[in-house]
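K.L.:
In case you want the letters, here they are:
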Amino acid sequence: MGAMSGRQKIAWAAITLAVLVYALFPVASILATSFKLSSDLNSGTFLPTTWTLGNYREILAPDGSAQDLFLSSLRNSVGISLIATAISVVLSTLAAYAIARLQFPGRKLILTTALAVSIFPVISIVTPLFNLWRSIGLYDTWPGLVIPYLSLTLPISIWTLTAFFRQIPWELEQAAQVDGATTWQAFRKAIVPLAAPGVFTTALIAFFIAWNDFVYGISLTSTEAARPVPAALAFFAGASQFEEPTGAISAAAVVVTVPVVVLVLLFQRQIVSGLTQGAVKG
Amino acid sequence: MSTEVTGATAAAASRSTRGAGPERSGKPRRSDRARAEARLGWLLAGPAFVVMLAVTAYPILQALYESLFRNRLTAPDDRAFIGLGNYAVILTDPVFWGSLLVTTIIMLVTVAIELVLGFALALVMHRAVTRLRGLLRTAILVPYGIITVVSAFAWFYAFAIDSGYVNQWFDWVPGIDENLNWFAGTGTSLFVIIASEVWKTTPFISLLLLAGLAQVPGDLEEAAQVDGATWWQRMKRVVLPNMKAAIMVAVLFRALDAFRIFDNVFIMTNGANNTTVLSLLAYRTSIGRLEIGLGSAISVLLFVCVLIICFIAIKIFKVDLAGARGDR
Chain L
1 MGAMSGRQKI AWAAITLAVL VYALFPVASI LATSFKLSSD LNSGTFLPTT WTLGNYREIL
61 APDGSAQDLF LSSLRNSVGI SLIATAISVV LSTLAAYAIA RLQFPGRKLI LTTALAVSIF
121 PVISIVTPLF NLWRSIGLYD TWPGLVIPYL SLTLPISIWT LTAFFRQIPW ELEQAAQVDG
181 ATTWQAFRKA IVPLAAPGVF TTALIAFFIA WNDFVYGISL TSTEAARPVP AALAFFAGAS
241 QFEEPTGAIS AAAVVVTVPV VVLVLLFQRQ IVSGLTQGAV KG
Chain H
1 MSTEVTGATA AAASRSTRGA GPERSGKPRR SDRARAEARL GWLLAGPAFV VMLAVTAYPI
61 LQALYESLFR NRLTAPDDRA FIGLGNYAVI LTDPVFWGSL LVTTIIMLVT VAIELVLGFA
121 LALVMHRAVT RLRGLLRTAI LVPYGIITVV SAFAWFYAFA IDSGYVNQWF DWVPGIDENL
181 NWFAGTGTSL FVIIASEVWK TTPFISLLLL AGLAQVPGDL EEAAQVDGAT WWQRMKRVVL
241 PNMKAAIMVA VLFRALDAFR IFDNVFIMTN GANNTTVLSL LAYRTSIGRL EIGLGSAISV
301 LLFVCVLIIC FIAIKIFKVD LAGARGDR
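Those sequence lines, one after another, are chains L and H.
For the first sequence, the numbering used here begins at 1 and goes up steadily by one.
For the second sequence, the numbering used here begins at 1 and goes up steadily by one.
Just so you know, these hints were derived from the structure itself, not from any lab.
Among these hints, one or two may not hold up.
Covered stretches of chain H (in silico footprint by chain L; criterion: 3 or more residues with CB under 8 Å from a CB of chain L, positions within the stretch not fixed) [claimed, not checked]: (1) 77-90; (2) 115-128; (3) 164-172.
So these bits of chain H aren't anywhere near chain L, every CB distance computed over 12 Å [claimed, not checked]: (4) W231; (5) R237; (6) I316.
Short, incomplete list of chain L residues facing chain H, as computed with Cβ under 7 Å [to be verified]: (7) I15; (8) L41; (9) V117; (10) N131; (11) V215; (12) T257; (13) V258; (14) P259; (15) F267; (16) Q268; (17) L275; (18) T276.
All values derive from a computational prediction rather than experimental measurement.
The C-beta atom is built at its ideal place from N, Cα and C for all residues, glycine as well.
Chain H with its partners taken away, still in its complex shape (with noise of 0.2 Å):
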């Protein structure tokens, strides 16, 4: 079954004839040319495949070495090998863990808003008269085509006690003050950054979901509704569960996204306040005090993180990730 999205131009026009006709060539197929087929498929994947894995692999195993020793670079003799001194030092730091805490609370807030905000401007674009969705859909695509690093200065410009005109505005909000700096406690400065965050990836996530809503079958939705089905039982009964595919890889992706933020971080907070997230932390460890054995180690146990994240999700969803992005 192909797929109708949003707007797809160049692939309407092929989705008849896709998967009729038989396999391929329609010639019997001989081994022989089963074994070219093989050869030239491998010789033209092959490039991507060897640099997919040259520039992630190799750095990751490079890195678990580094791991297992002493090494500074600013006292260089001094490297040893300690086995699992480094871990042992990350994991009784409460720094460490610290860190983890925060990065797990954006992850888990962000992602939360973003489904339902992405939810939300989803059936906005989706129930919109085609005039009034195309002009949504271009407004939404601005904070996805804008750099994170702008975007971070921007909503720090609005909030920062110096040159920003939030609290002007929003003085009548109790807890809000012209003399509130936002960027001196934990929990303002985390709402800055969540919201930055937010704003710039909701975008990307309701495109996904929408992209999700045009695959429910409308006849479902409109048998549910002459039966009586309340609008709500029609979302839980029928549109969600037809979009379980989009949703869960619109959550996984984004929580794996959020995980790993930094850019917004650093230009907002650089870490104060206790907003150190967890790739600040590898970034200032290693790139920031040469570190290089016991940032090394934050990297591995990041990156095994994000394995436990992944692990979690395809439990709780039960999909087959591949298999959900296309791969059938």
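Same shape as in the complex, but just chain L (with noise of 0.2 Å):
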């Protein structure tokens, strides 16, 4: 592009300026939120009068009012979250694998069927799963969230992990062979080093959407014992009948922000890659 005129700049300044208003505004603004006295909530202003940590020492406080409730949900979030991303990404791991790798028909059949899950309208499955669920005991515990979660986390997965096992130079592995390693060698040296990244990727990709699940939260759960973040969100009531409990949620919901955001910060160009390339390859 060369040198940039004065004007070019300063076009270019607007631009950008523009660009970060539109994507951090709505976190500056939860953010300002959960930093206000809860007398403070209405008085419509952006930032608070007085700075108070309050709504953060109510989730998070050994006496705390809401801390039993967040502290169970973070938990429940993250575990099932974790057992999701690890079940899909070892599977699709092997799926991809061989899909990149080997000759064998029915390949296609299997990235159509993910194509077809992923467009899959949740709430179509949560009725019969509520219904099973109730009936064989799996209601409102962990692997009752976590099979529905594959069905959110395992299609992407595919398609991520395929779409990154095709570009990996599979002849390397026959050239280590050549060299004298043998069949197991060849792999692990070769191939396992290149697919890594990939298989790192997708399982940041997996676990941010199993984290963002919503519906399947609020309907197969009904207690602290599975029920997952956003789904407390929701329910949050306030530390009494009469006091909105909205400087609690923003609290919380900076809590399970923050540590995200700086996973999509750091990886950004890994995930970036993921994305597109599961997407559009052609």
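Join these two chains into a complex; the hints should help.
P.N.:
Right, here's the structure in full:
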């Protein structure tokens, strides 16, 4: 592009600023709300007039009124999302390896099925699962959420990983074997290092998707035994009947958002290539 | 042809070798070998395939079956086979058609806005110098990383009449004053719901379009420029046709996604003022009121709607979906 004229520089600065405001504004908004005193919540200003950590204390401190509720849902969310991610990464790694590496009839069928599953309306699965889970005792349990989460995480994992694996030069494996490595050595030394970043990226994306779920979370749980964070936020009640939980919800929202945003920023390059390669590969 | 996707790192190293050389092993293929490979293939891919069917096909078949019964969990003894009775109830109820209409409006409006906005963002990132591009892409990924429920709360609190500041900020806009209750009317509620949906999901569409832009051959665009084509002509004749697959994938996926909209509506209005979307109607019927039969029928109808949208999209774009997504 070469040297930019002064006017171009100003234009780019304005564009960048606009994009930054667009992307970050709602985040700043909930962040600001989370520091407001409850008396300040209805003041109609963006920034708190007095900054307080009270809302965070309410959800995190041992004597906080919403601590039990929040921490148990956090534990559920982390646990259930990690398990669902682990299962779908293992299954999709095997499947994607087979699709990218082996010649066998049905490869297209598997990819098409993954596509069909990913466009499936979640709510269509929820009613029958609600009924079934209640009769077999999976309602309001961790496995009761892990299993349906697989319908969200598996398809995108298969697509993303297949796209990654297709770009691995499998000939390297043979080259290593020619050089005297055993089959397993060749695979481990030549292929695994190339495949690892794709598997990691897929795990991240799958985790985000599980973490984001709301429909299953509110439909298939009823207590703190399994209710994940998004569902818990929706059912948050204030410290008393007369107090609005706005501050506590905002603080909880910030706590569950910050780690995810940090992950996104740390691995943005991988996430972008994973998301786009899984979706558009011509 | 392999694809250069924005900043693909691991991929870049392998591009030159991929697709070159003989078919996989280079040895002559024997049918024994082919059979062994097929067996191994299914052994590896089978579990994922079975799990996908188990978590979707089975429940939808179950829903299909349940939808033929009158079944209320509040009156378990009353269960009886009523054929298509549930469907007759739903399809003659204006509430269903109302929520179908609202859902469709939300879908069409969000997709239209997101396509324009997402394309603009993609163009900006595409044209930006490398350092700026990184910054913009980082910023744009933030909404992607945020839970939909959290973004719904952020938008809700900003607009809510008690805790919101939007009314104070925009009271110079005709129609907005400090007493405007956004969530008291259908139009204003839908405005906020759509805004939050657009904010949350435009990054995804713009990343897809950015990947599409990277596929447009640069020399073609330059040639058009040399020939004196205006910016608009270049877009219309060179850029957009070459991005057809990316656009189609983006539109279809966002359309289906928007059709399933649930989280923000649940948080912001919970369906008040005619903002009940289909997913919410299904949720409320089956999980709220425990009308399993009716709820199942709505679930099936929702599934049928999704199939219809897919069918229309494929007809309009005339693109093989699996092909566009990378299976060749």
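K.L.:
Given L:F267 as an interface hint, is its Cβ closer than 7 Å to any Cβ of chain H?
P.N.:
10 Å, violated
K.L.:
Counting residues of the stretch 115-128 of chain H with a beta carbon closer than 8 Å to any beta carbon of chain L, are there 3 or more?
P.N.:
The restraint on the stretch 115-128 of chain H holds, since 3 of its residues have a Cβ under 8 Å from chain L and three suffice.
K.L.:
Could you check if L:I15 really has its C-beta closer than 7 Å to a C-beta on chain H?
P.N.:
With a closest approach of 6 Å, the L:I15 hint holds.
K.L.:
Minimum Cβ separation between H:W231 and chain L greater than 12 Å?
P.N.:
Its Cβ never comes within 12 Å of chain L, the nearest being 15 Å, so this holds.
K.L.:
Given a cut of 7 Å on the nearest C-beta pair, is the interface hint for L:T276 held or broken against chain H?
P.N.:
Where the cut-off is 7 Å and the nearest Cβ of chain H is about 4 Å from L:T276, the hint holds.
K.L.:
Grab the minimum C-beta distance from L:N131 to chain H and call the hint holds if it beats 7 Å, violated otherwise.
P.N.:
Constraint on L:N131 satisfied, holds at 5 Å.
K.L.:
Any Cβ of chain L at or closer than 12 Å to H:I316, or is the non-interface label fine?
P.N.:
Nearest chain L Cβ is 16 Å from H:I316, so the label holds.
K.L.:
Would the hint on L:V117 be counted as holding, given a Cβ-Cβ threshold of 7 Å to chain H?
P.N.:
With a closest approach of 5 Å, the L:V117 hint holds.
K.L.:
Closer than 7 Å between Cβ atoms is the bar; does L:L275 clear it against chain H? Give me holds or violated.
P.N.:
6 Å, holds
K.L.:
Holds or violated: is the Cβ of L:V215 closer than 7 Å to a Cβ in chain H?
P.N.:
Since the shortest Cβ distance to chain H is 6 Å, the answer is holds.
K.L.:
How does the stretch 164-172 of chain H fare against chain L when you require at least three residues with a CB closer than 8 Å, holds or violated?
P.N.:
holds (count 5)
K.L.:
Is the interface hint for L:L41 satisfied, with its Cβ closer than 7 Å to some Cβ of chain H?
P.N.:
With Cβ-Cβ at 5 Å, under 7 Å, it holds.
Violated hints, in rising order: 1, 13, 14, 15; the structure is consistent with all others.
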